[in-house]
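Student: Chain by chain, the residues run as shown.
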Amino acid sequence: MIDWQALQSAVHILAESYTAWLLIFPGIALGMIGGAIPGVSSALILAIVLPATLWMSLLSALIFMTAIYTGAAFGVAIPAILMGVPGSPAAVATSFDGYPMTQRGEHNLALGLALAASTIGHMGAYLILFLGIGVISHAVLRLGPVEMLLLMLWGLTLIAVLRGRYMSRSLLSGLIGVLIATIGLSPRDVMRGTFDVPELLDGVPVVSAMIGLFAASELFNLAGNSYLVQRSDLRNVNVREIARGMVDALRYPVVILRGLIIGATIGGLPGVGAAVCNLVSYAETRRGDKHPETFGKGNPKGVIAAEAGNASSEAGSMATLLALGIPGGASSAVMLAALSLHDVTGGPQFLDSSKDIVYAIILNNFVQGAVMLVLGLGLIGLMANVIRIPVRVLIPVILVLATFGSYSFSGNIVGPITMVVFGFIGWFMQRHDYSVPACVVGLILGGKVEANLLQTYQISGGGQISYFLGRPIALVLLALLLFSLFSRPIMQWWRRQRTTNVLTKA
Amino acid sequence: MPSERQHVTDWEHVFFLTIMLGFLVWYLVDAAAASPTFSNLILIAPVGAAAFILLLYIGAVEIVGRSGVPKTSASDQNELPAESASSRFRAGSRRAIALLMVLFGLFVAAIPYLGLDIASFIFIIATLWLLGERRVIFTLSLALGISAAISIAALALLTFPIPLGIARSLWRAL
Amino acid sequence: MSRITRHSKISAEKVRSRSQRPMTRRSFLWLSVAAASSSRLSSMPAFAADPWPTEPISIIVSTTAGGGFDLMARSLTQPLSSKFGIPVNVIDKPGGAMVIGTKYFLGQPHDGNTLLVSGPSPYWYVDINKFHAGYKLEDFDIFNIQWTDKTGIFVPSGSSVKSFRELVDAIKARPGQMSCGVVRDSGEYFNFGIMLDSLKLPLSTVRLVTYESSAPLRTAVAGNQLDFAMVSLEGSVTMLSLMRPIAVLYGSRASLIPDVPTVNEVLKPDGITVDFVPSSMRALIVHADLREKYPERRAKLFDTYKKVLADPEYIAKANKQGISADWLGPEESLAQIKAAYAILDRYKELLNKL
Chain A
1 MIDWQALQSA VHILAESYTA WLLIFPGIAL GMIGGAIPGV SSALILAIVL
51 PATLWMSLLS ALIFMTAIYT GAAFGVAIPA ILMGVPGSPA AVATSFDGYP
101 MTQRGEHNLA LGLALAASTI GHMGAYLILF LGIGVISHAV LRLGPVEMLL
151 LMLWGLTLIA VLRGRYMSRS LLSGLIGVLI ATIGLSPRDV MRGTFDVPEL
201 LDGVPVVSAM IGLFAASELF NLAGNSYLVQ RSDLRNVNVR EIARGMVDAL
251 RYPVVILRGL IIGATIGGLP GVGAAVCNLV SYAETRRGDK HPETFGKGNP
301 KGVIAAEAGN ASSEAGSMAT LLALGIPGGA SSAVMLAALS LHDVTGGPQF
351 LDSSKDIVYA IILNNFVQGA VMLVLGLGLI GLMANVIRIP VRVLIPVILV
401 LATFGSYSFS GNIVGPITMV VFGFIGWFMQ RHDYSVPACV VGLILGGKVE
451 ANLLQTYQIS GGGQISYFLG RPIALVLLAL LLFSLFSRPI MQWWRRQRTT
501 NVLTKA
Chain B
1 MPSERQHVTD WEHVFFLTIM LGFLVWYLVD AAAASPTFSN LILIAPVGAA
51 AFILLLYIGA VEIVGRSGVP KTSASDQNEL PAESASSRFR AGSRRAIALL
101 MVLFGLFVAA IPYLGLDIAS FIFIIATLWL LGERRVIFTL SLALGISAAI
151 SIAALALLTF PIPLGIARSL WRAL
Chain C
1 MSRITRHSKI SAEKVRSRSQ RPMTRRSFLW LSVAAASSSR LSSMPAFAAD
51 PWPTEPISII VSTTAGGGFD LMARSLTQPL SSKFGIPVNV IDKPGGAMVI
101 GTKYFLGQPH DGNTLLVSGP SPYWYVDINK FHAGYKLEDF DIFNIQWTDK
151 TGIFVPSGSS VKSFRELVDA IKARPGQMSC GVVRDSGEYF NFGIMLDSLK
201 LPLSTVRLVT YESSAPLRTA VAGNQLDFAM VSLEGSVTML SLMRPIAVLY
251 GSRASLIPDV PTVNEVLKPD GITVDFVPSS MRALIVHADL REKYPERRAK
301 LFDTYKKVLA DPEYIAKANK QGISADWLGP EESLAQIKAA YAILDRYKEL
351 LNKL
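Taken in sequence, the protein lines are chains A, B and C.
Heads up: the first sequence runs through residues 1 to 506, numbered per our numbering.
Heads up: the second sequence runs through residues 1 to 174, numbered per our numbering.
Heads up: the third sequence runs through residues 1 to 354, numbered per our numbering.
Because the hints were derived from the structure by calculation, they are not lab data.
Please note that a few of the clues may not be correct.
As the list claims (entries may be wrong) - Output of the computed footprint for chain C on chain A, the stretches with three or more beta carbons under 8 angstroms from beta carbons of chain C:
id, segment
1, 137–148
2, 180–193
3, 319–326
4, 348–357
Using N, Cα and C, we set each Cβ at its ideal position, and we do this for glycine too.
Full structure from sequences and hints, please.
Tutor: What follows is the structure, given as structure tokens:
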């Protein structure tokens, strides 16, 4: 399983130059700060530094770029927790419980939990990668459109879980989110809802919509408050408390492990990014919990699950990148472009011939995890001071930065316009108790559900059962899906039946 | 929950629902017109239909009211506490919120004309004032600082041009 | 020394030497790109007598950073920049299946300071005929198609189908059962229709599965999800151990996989000859009215570009990155595009086959 020779060689490569390692610090810092600006994604940051990496040696470029990736993966959680505005869809679920914790004055704890979960998830996933990169990539290949569809549907069921007071309203939010996600070119290139505007051909920019829904609506609400944290005695940044939060996370090993496995496995599937892993990990933890109703109100497990899922998905997409040469999303595409300029192409041949470089990448990430713990603590300590800034200053600054982020994401004014429109929509939704997270889930997953649904239809020759019967993995996934959906209600119903019977008998 | 309370229709909610209905109908018609085939509508049709039904249901409940059926314990388990969303909106801040939204919309609309730098500058000043900040020097420096930072980031880092009012010429001159 | 140790040692050495000598020739190319992109650079004009160009030149790329078009554009920046004496930048404007970038280019001043790298075939064909892009071929002056990518038919490496002939037999033997993957509305999609048509088979004979881009399509083939696929050749070479090419859909064989026959070679005994379209044609383009408005500028751009493509150093650097440096010239390029359009016209209804 482990190629010891390659491992030795990898250590040699890494020990090459000590100066290259200095790049970890600016890399992680850049990633964290960039990720903390809503709308600025790791793909953007990587694309910006891409020209600079060409001047560097392979080792330096590697360290620098993966450091940015890792830093950004965590950075997006910071505004999610402190302001309820995820830096990117990868931290959506983190905000569900992170922000309520901030509002209660538990922001230090939440940040600590997130950092620890993120780091452990990150390193744990790379450990899995180390042990079984070949296995993971082959497993990835086994999943076809049916399996992917079931996976996406599994994610969609989260909508039912994310509701406010009214199930019907949240369902509607989710469904509308799915519909909006289908605007633009269909998987068969049919233009829908585009008004013949070319900028809409690629659909509504999801990141901008998400920022609008969360940020704008949240910030509009805040207009009446003076500070994010109402009680002034709780309005402090306490590094020791953050550290305590980090240690606290260790009390929930199962939650972390679950997130880790989810991210490391499905995170590798092309098109399944940190956003999906983040949501699915959260959903599964909530579903399996004894008190699911405490989620969404500041349950630490929610933050841990979300961040573990998010962080470990990086390892998953690296696995696919290196073993198959296939980028999983925008950030890995840029990473691949950068690496290919140093002759690191990924792919099965590459995996065979340059295992040592692969190991070097993995080992490097272990080191990064360790550095993140310390550096992250320091940076969070700095950035958390945001809560001491009065809201009236925060609002304009965040709105302007988010507009900049949206613009850079979409490359034109469509991003900011989307943000404004969805800001209004989000505000209305909050007023009438429609679940904004449900809508975001629909938005994120809608397009993928449709694409996989259509492919399933095509590949099965129009829905012929024989195709499905020949795919055992799909059947297993379907069983799991049904089980996780219905096992709890059925058990409750069963239990109630028994108590009623007992009562009537008495 | 007692069922004797009089149901008051929230017309703002109905208004919101009407807009959603409008969007839904328009989109379904547009998609079907673009291509009334199975492969185009494979997801849109069922989702649209379900959304349509839900919309009507919610609308009906809002207008007519629910007859007070006591909920069973099973569904109570997953409910949030009684604090409703609207209690978060204190009456006084509603005007501030509305103005803020309008300002934000104007800001984004102004970007292609004034440039991101000038528009941000004005927006930050206007918003700070709206939200109660009265320190003049602080306001001006913050507005200048943020617009400058964004302009620099846009000019030095991004690979595509962003509309900028004066920043680009300033940049070239330096 | 075991094979593995030797392998690893070589890799380590490769890396070590690279770190001691960070500037490979390719890195130098990019270093200059980065340097040239800074608008702070002041340099002496190479053509001292002629004042133009005085401003930086931009090359618009209508796809995303890191893709083939982008790489091709970037490879040209340094040579053009050093010959003109002014910075040459690449601006990526992806979106709307190339419509956004191409329209953006048309919206720039038609003064020779903005160039375009885009795909007239098949992408523009789809943009014009399906997406109502609003522009036409006549709005552009195509200097040269520098890089053409061909379509290949691939099967999973474990497939029992070993040749194109066997594939055709299998399709005929099991109508409506075999699945084929293509990227939607791509050159390969058209080639799929063309191929079935030439074999006198209806489209329904094969289950067509559409993908949004080639990466997931390749994954699907590699994972044995599909019976076969039609994919562009270039990006597939890293995965040859998992997906096997059995035919090339073009007039001639591909240098990347020289042992793989073309469809026409296989079908020759049956008396069938098929005209396929390439997967993509990547060209350098200027505004059509540049010829009248600024003829000297156009001439300068043209001659300089031609010189760059004739330079053996450029050719070597580009080929090392997998970029072609073909010179067809404007007339031949336009002819090839029009020929491709003619073929696409015959199969226009494929665009709306949904």
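Student: If a hint holds in the structure, say so; if it doesn't, say that too.
Tutor: Verification of the hints:
{"no.": "1", "hint": "137–148", "result": "holds (count 6)"}
{"no.": "2", "hint": "180–193", "result": "holds (count 6)"}
{"no.": "3", "hint": "319–326", "result": "holds (count 3)"}
{"no.": "4", "hint": "348–357", "result": "holds (count 8)"}
Taken one by one, the earlier hints all hold for this structure without exception.
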